[in-house]
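Novice: Relying on the hints, combine the two individually framed chains into one complex.
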Amino acid sequence: EDQVTQSPEALRLQEGESSSLNCSYTVSGLRGLFWYRQDPGKGPEFLFTLYSAGEEKEKERLKATLTKKESFLHITAPKPEDSATYLCAVHPQRTYKYIFGTGTRLKVLA
Amino acid sequence: NAGVTQTPKFRVLKTGQSMTLLCAQDMNHEYMYWYRQDPGMGLRLIHYSVGEGTTAKGEVPDGYNVSRLKKQNFLLGLESAAPSQTSVYFCASRSGTREQFFGPGTRLTVL
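Residue numbers (our numbering), protein chains in the order written: chain A, 1 to 110; chain B, 1 to 111.
Please note that the accuracy of each hint is not assured.
Cut-off 27 Å, straight-line C-alpha distance, at most; resulting in silico cross-link-like pairs (BS3-like, lysine-lysine) [to be verified]:
(1) A/K59 with A/K107
(2) A/K68 with A/K97
(3) A/K79 with A/K59
(4) B/K9 with B/K70
(5) B/K57 with A/K107
(6) B/K71 with B/K57
(7) B/K71 with B/K9
(8) B/K70 with B/K57
(9) A/K97 with B/K57
(10) A/K42 with A/K57
(11) A/K97 with A/K69
(12) A/K97 with A/K63
(13) B/K70 with A/K107
(14) A/K42 with B/K9
(15) B/K9 with A/K97
(16) A/K42 with A/K107
(17) A/K97 with B/K70
(18) A/K79 with A/K97
(19) B/K71 with A/K42
(20) B/K14 with A/K57
(21) B/K71 with A/K97
(22) A/K107 with A/K63
(23) A/K42 with A/K79
These are calculated hints, taken from the structure and not from any lab test.
For reference, chain B alone in the conformation it holds in the complex (with noise of 0.2 Å):
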């Protein structure tokens, strides 16, 4: 039982290159997260599922768009990187009883 796995584990783009983030869950949740996590700021919140070929918008979803074609896996892509997208991302997987379990993350940087 893996719980959350993230690949890869770090990144390093140059302005203006894409990219996906692959979440994958064998716990058979149906939310499932995608977060940043900045210095002083916080875990924010991309974009959220919460099932099988659902998104939805969180917080800080500008520059991120989201995939749910299969339950245990949920995809973030960079279209077009940025500076300020320089972060650690954080995906999760939320039980029946609410709490959420988090992958190992994905460290980015963006030149």
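Isolated chain A (complex conformation) (with noise of 0.2 Å):
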């Protein structure tokens, strides 16, 4: 059964202290790996996609990375308007569906 776990459910960081999100996954076949934040009380806004393992790609303060069982998304320095939910989703392949994680709840502390 396809699946997406992400760690930890939430986390709180002193601005400037990096750290690092994971969302693990099973699938039959990957099609992508995508990264969204959410505000609260907002849609998902799109960060990245990743297609295959070794991949990265970067964004201001973050950057995610794929391998063949998990992705992560490091924050670097981050500031308090980094704080957010941060959800992971996957995109099996033969499929037209998606599959998402519960999410990162991350809080930033000035």
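Specialist: Below, the structure is given as structure tokens:
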């Protein structure tokens, strides 16, 4: 069964304290892995797509990496405005569907 | 370019009432999706469409119906609302490179 697990559920960081969020997945075949940011009361906002193991993408303080079993979202020197819930999703082969994890709630303290 | 829009933003229904949620996208995307988001459960797929005139069931389709009469619109209907349908509903459309773009959501409460 295709599955996505995100950890930790919640994370509190001091401003400038770098860390990583984990997304572990099991799929029969991967078409793509996606990271989204969701602010309270809003819809998820697309961040990155990763297609194959070894791929990396960067945007400002965020860097996403992918292996055959998991993806990491690295946050370097975070700021309070990085506080949000970060969602991971996979798009398995032979389906139009996406499977989402339950997210990691990140709080960055000033 | 508005992206994905949803109406209404909030709605309160009584058990047994019906309503339709409207999703519109201006990105000319073929694929559209309806999700519900509940605390601790993540986004769950209700129905989806791979093109105008097509619809298919997702993970949690019971109690919902959909229609895709025009490429830019995807409607989600609740024929007889139940308290278990209290949730936040998100619509999304998918680009050719497979990332999804989400609307702002509809917060529905069924009393």
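Novice: Now tell me if each hint is right for this structure.
Specialist: Cross-check of the supplied hints:
1. A/K59 with A/K107: The given pair, whose Cα atoms are some 19 Å apart, holds under the 27 Å limit.
2. A/K68 with A/K97: 20 Å, holds
3. A/K79 with A/K59: 14 Å, holds
4. B/K9 with B/K70: 22 Å, holds
5. B/K57 with A/K107: Violated, at roughly 36 Å.
6. B/K71 with B/K57: 18 Å, holds
7. B/K71 with B/K9: 22 Å, holds
8. B/K70 with B/K57: 18 Å, holds
9. A/K97 with B/K57: 10 Å, holds
10. A/K42 with A/K57: Since the Cα atoms of A/K42 and A/K57 sit roughly 24 Å apart, the hinted pair holds (cutoff 27 Å).
11. A/K97 with A/K69: Distance of about 19 Å is within 27 Å: holds.
12. A/K97 with A/K63: 25 Å, holds
13. B/K70 with A/K107: 41 Å, violated
14. A/K42 with B/K9: 11 Å, holds
15. B/K9 with A/K97: Answer holds: B/K9 to A/K97 is near 25 Å, not above 27 Å.
16. A/K42 with A/K107: The given pair, whose Cα atoms are some 17 Å apart, holds under the 27 Å limit.
17. A/K97 with B/K70: Cα-Cα ~21 Å, so holds.
18. A/K79 with A/K97: Not OK: A/K79 and A/K97 at ~34 Å, beyond 27 Å, violated.
19. B/K71 with A/K42: 24 Å, holds
20. B/K14 with A/K57: 46 Å, violated
21. B/K71 with A/K97: 19 Å, holds
22. A/K107 with A/K63: 18 Å, holds
23. A/K42 with A/K79: Answer holds: A/K42 to A/K79 is near 20 Å, not above 27 Å.
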